[in-house]
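Undergrad: Keeping their order, the protein sequence lines are chains B and S.
Just so you know, we're using the working numbering here: the first sequence kicks off at 1 and counts up by one.
Just so you know, we're using the working numbering here: the second sequence kicks off at 1001 and counts up by one.
No lab work stands behind these hints, which were simulated from the structure alone.
Keep in mind that the hints are not guaranteed to be accurate.
[Stated by the list, open to error] Short, incomplete list of chain B residues facing chain S, as computed with Cβ under 8 Å:
| id | residue |
| --- | --- |
| 1 | Phe23 |
| 2 | Gly135 |
| 3 | Phe199 |
| 4 | Arg354 |
We put the beta carbon where it would ideally sit given N, CA and C, even for glycine.
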Amino acid sequence: MKRIILGALLAAAVSTPASAQSFLGFRALGYPVLPSGGRTVGTGNLGIGLAGAELSASDPAAAAGLPLPTISLTMQPTWGSFEIGEESGTSNTTRFPLIAIGFPFPRANGVATVSLAGYMEQRWAGERVGTVELGGQPVLVADTFETNGGASVARLGWAQRIGPGVSVGVSAGAYVGRLEQFYDRTLDTLGVPAGVEPFYEERRWRYGGYNLAAGFSLDPHELLHLAGTVEWSSSITEHPRPGTEGKTSYSVPLRLSAGATTQLTSRLLMNGSVAYQDWSGAAGFEEGTVSSLAFSYGGGVEWTAVQRETRSLPLRAGYRRVTPPFRYGDRDPVESIWSLGVGVNFVEVQGIRRGWMDLAIERGSRTSHPLTERFWRATVSLGISRS
Amino acid sequence: MTRRSMSAPVFGALAFILGGCAEEIPTATRDELVTPGLAVEITLPFDDFVASTAVYGGFGRAAQLGGGVVAHEFGPGPDEDGVEGPGLEAVTLARFARFPRNVTTVDTAGTNRIDTLITIQAAHVLVRFDTVGSIAEGPVEIAAHTLGEDWDPATANWHFAVDTLGGEVPWSEPGGGAQREFAKAVWDPAEGDSVEIALDSALIELWSDSTLTARDIRVSTSEPGVRLRVTLMQLRLSILPSINPDTVLSVPVATTAATFLYDPLPRPPRSALRVGGAPSWRTVFSLDVPHSLTGYPKLCDALGCPVDITPDHVSYAGLQLTTLAGSPAFAPSDTLILDVRMVTAPNFLPKSPLGPSTLGRRGGGNLAPELFLAPAGQVVEIPVTDLVRDQLRGETLVGGPVTSSMALMSIVEPWSIEYATFGGRTSSSPPSLRLILNFSRGG
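This is chain S alone, in the form it adopts within the complex (with noise of 0.2 Å):
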């Protein structure tokens, strides 16, 4: 009876143990076993693979940039279509906080109070810079002014003060209106990436008043073929507190609102591609990847002509562009970084929402100033793998709709007032498609 009853159990338990046993398959590193596969590396001509391409700009706003430049007379000559332009002019402007009514201080009893008379003893305003990405051949002399008209952070630019659809106010001269110059000071980029400009008593005692709605400055040079890149502006208050008068303290005034403004602003190139740039540019290119390629000969040989090629058998794609020197006013003068992102909705361009990035995670759209100096001409290659296999599949990976658009821009916009300027279709080095593509041959 108990053999009866066991012989279900010792089938199952015998086979789940055997059949549970690691697998150790044989591996021999054989060229018989293997026939290798095929690799091929083509280099799709422009017309083979875009359709259109178009030019955009106007993404994002110089407030958003998180600093400021200031130019005088920088990079004047032609452009990339040969049109002559003047130096670049910029100005930063700031907007700074009402100063504080009462500081807390430790007493001679060694007790935190708030002091609420105190008196302000100095200030300063440090201005601080991006020594990489600043062009200067020497120290340089830095302006610093008060401005008499309100103006709008978020919409401020060289012409208006205020530049709203409908509600547009001209600055009383270009470039921040009327303004009242308040000290100079000087930097040394070899002695540090900071200046301290000192306000004047008078200034202290105007900015001191509370009902004072806006403490602004402009931020400039005099200085011909520079252009500074401000990463920071900040006021800085000294204030002796009346309960130790032995104590000056260093307090910081709050940064409500920075901008800056530039002239000119850039026209849009007749041909080339752009991308970058503050307001940003962005490069939109309408795809027409073929799913099946002939005239190439050495894949022609391998497989016969013509080749179906799926996503499968892209192993890497690389949109291959030719840098141009553009307008030297907004050359590069640190890297760049660029990204590729499907245009989901085409039909809204230049407004259509974008796919994730492809390349923020991956890296690959690095791109250095060195590559955009005359005479420029230099290939740079932007990985657009996920892209192109994307385009030969219909659908993203994950199932989602694709489109034919894709836009060439910078990994975030504003990135800086530099752009990059690529050939375009009708320039001599247009933008071809470089593939590596894997097939195997029957194992």
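Isolated chain B, as found in the complex (with noise of 0.2 Å):
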């Protein structure tokens, strides 16, 4: 297990630059980020409802039925392009939205559980162009805005087993990460005398604030499984650092989530989960910027195309319709994916994974006039269970 803890570390130091690349949000804290594993990606699940025994950051209660200490480490690499207007560009980046750990404590039949997941981030440039009058004369300028960095949420959480198939989950999460932005001036220098300098400032600030999250899990039927879950938070705060003057704080709405799958074969599983989020009201943005469209949802299917007595292998397909939060002009952005996916689980006992890789990928876009973003997208989880 500490081998697995330092490669983990490891992957978390590695992971440094985890953001998405996205001009959605530039005006607010940027693009939301899915915290979820390849499984869940996969099979187009917006992380709650899904079958078994889970590490996930938005369903609490979903590593309740852990029987062993276990860790997965997810990582996406993505390659995305965008047009605004009549310019287009391309970008890539790989970025590590979940690291998980479950610790469970049979005596309490509950599971302790900790993780750093990915939520807003924004990593984009902006270049203008323009002239400047000085001494009477127009001077040609060139500026280059970047901004770089996200905010992250840092979770410990318990989920208790109550009853035969009934769990509850709670956590508590701090805002992590920082947020960094570089300005660049230059100005013609044909324009302007010899030994003109350019003019470069950068800003930073932290993020702060926490989160609360609380859910259930139930099977009702051996055929069925269902999950919700609440999550409150307060405002996300960006501090700023030496040097850097401004202080702003952004309100959080509440987000409720639910989700359930239902076995339709011995080897067919079909989930669906939804998310409500209502930031037309949060405080702290400038006008217009917030999407009036709170309503997320997503679906699919998980097929185990071949299942030995310890192993299996799932290949999963589903579709998410997700409404980030933050428009770039004035209409509300809607993101529309597809995805694949395959489990192989080296070892499985009673439906449990203990040694698992998920791979999925990923086609999606999303739109808001006049910016349209097209990306491939895979996730790689790895998982272990270890006594």
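Given two chains presented individually in distinct reference frames, assemble the corresponding complex, making use of the accompanying hints.
TA: Encoded structure:
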């Protein structure tokens, strides 16, 4: 287990540039990250209501069934493109949206969880060429503005089994992370005296705030699994670092989510999930920045193509329609994602995975006029349980 | 067992590989993504950034110029304070080494041999002039004299052959003492940059004496309104070797010292600022650069006043000076190159050490001579961005100490006999500081 934790820590250290890349939310907190593993992504789920014991940042009761200490790590390389009006471009990045550990306490019928999950991230650059008047003469200037960073949530949780097929979970989290902005202005040296220096300014903030979540999972029938979560958050505050001015707080609305999985055949599961979070009344944002859309949903299937005594190989497919909270322009953003996935369960005992790797590939697009972004995104999750 | 031992390395390797993938940040040229910054140009009047100025002279020596000046009745007229001055008189002195006792030459068999039985057939002094920096209407008659008095190359001036503290020895006659003219020659700028002054046989005989300690000449002109810049004075002997009498060898004799004497010395300016000359003048500014600004409408309208300014906000700072027509005798005839340095120990002025050059590498201190032609009044700008940033920072970029004094000076002292003159605090156009400031407005 020490080796696993060591590996996870190494991954966390290397994963510093955990940034989403989108122009959405450039006037607000950025683009939301789905802090889920490859199984969730592959089945089109929103992170709640999948059958089976899971380490999840958005489903605090999901870990209740873990019999052994477990760790999972998720990585996401993304290749994207964008169009804004007539301008287009590309981007790519690798991020680590979720690192989670679960540690069961059998005598208490509960599991303690620790996780670091992505929340809102922004990483983009804007350029502008214009003129300023100096000495009565127009002088060409080139401005570059780059922003980099994002907020994550560090959570401690507890999932408690309270009866056959009934579990509840709670978690408390703190927003962590930083935001860096760089502004660079270069003046045309032909228009101003020799020796003019470019102007450069960098500003840095750290994120602060906390959130609480509570949820349940319920198996009312051996073929049906239900789950629900309510998540409350304090305001997210950008605290200026030394040398930077300006403290800003943004309120975060309540988030409600629910999901269900039903077993259609012995090898086929179907899931659906929905989330509601209404940002339209959130305070602290520029007028016209937040979306009026509040519902997101997703669903998909998981078919166990190969089933052996201690190993299995499920195939997955899904679709999600997500409503990111912040606009680019004056239209509410919508994100549509189709996904395919495969799981390799190296060790599986009585339906509980003890060593696995989940792979998913997504093809998605998001629009908020005049912005359209498309992307291919791979998700790789590794997990292992050890006694 | 194998799977168990591989867990951590697999996590680590995957993390390393994916974490090391090239990142490409999405970049778009859109106005809405960049809140434009604010670029403002303001000009601080003299009293808003200068506490005082002082002009100091006497830096360097004429002998360090590496050449000389020849002038006669050049540029009589008023200086920048309106004080009438006579024309410039200037002569150049040179001292030559002993003549060689032998030469190495090729004999009839083609072998290099040292010949001690040499005959000096003729000798001349080659005088080369700076054709750009010299002022003459046409051909100029140059006179060469031998000197009859000892002189100190390092300290000699128009009135004194030796001018050391407590050891002053005046010339018997100002301008080089007793002398004997031995030749004249005419330099025509249209035909070349040099003139040869021949030595007569008596002088060659005299200077051939190896016990003689001084072989000094003085070069001058009697043409009024002429100021010539001498770049080289070299004695050359035409030697006939005994082992190859059909060949005449031209052998140079080392010039061991050279300087020039001139009169009158420029008087210190009453209120104007002065830079250059030989010995050189410097103008020292005691700065009082404000850390916040108010009263500039464009700035205040955009950001609200007072506005604090930091070194990062200063993209450019230029010291604006207005040229004056100084004494015509010392008016620039070629480009002057100025420099700005921090005065590191103002309490020891005028002998304070100076900080490094701020314009030597970057340039920006070149001033054309036409700027100082009457009636002058041209505004020139000397970049002082680094110094103003240091003032605002309170230390240099590398954390060194900063004083509030800066010296405006020639980039090399002395650079030439000519100097630049600018309007001072009481002039109609006192110095000002032009600033180009940049501010971001939130991105």
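Undergrad: So, for every hint listed, does it hold in this structure?
TA: Each hint tested on the structure:
1. Taken as an interface hint, B/Phe23 checks out: its beta carbon lies about 7 Å from the nearest beta carbon of chain S, inside 8 Å.
2. Hint status for B/Gly135 relative to chain S: holds, with the closest Cβ pair at about 6 Å, below 8 Å.
3. Interface restraint check: B/Phe199 against chain S, minimum CB-CB distance 4 Å, threshold 8 Å, status holds.
4. Interface restraint check for B/Arg354: the shortest CB-CB distance to chain S comes to about 11 Å, outside 8 Å, so the restraint is violated.
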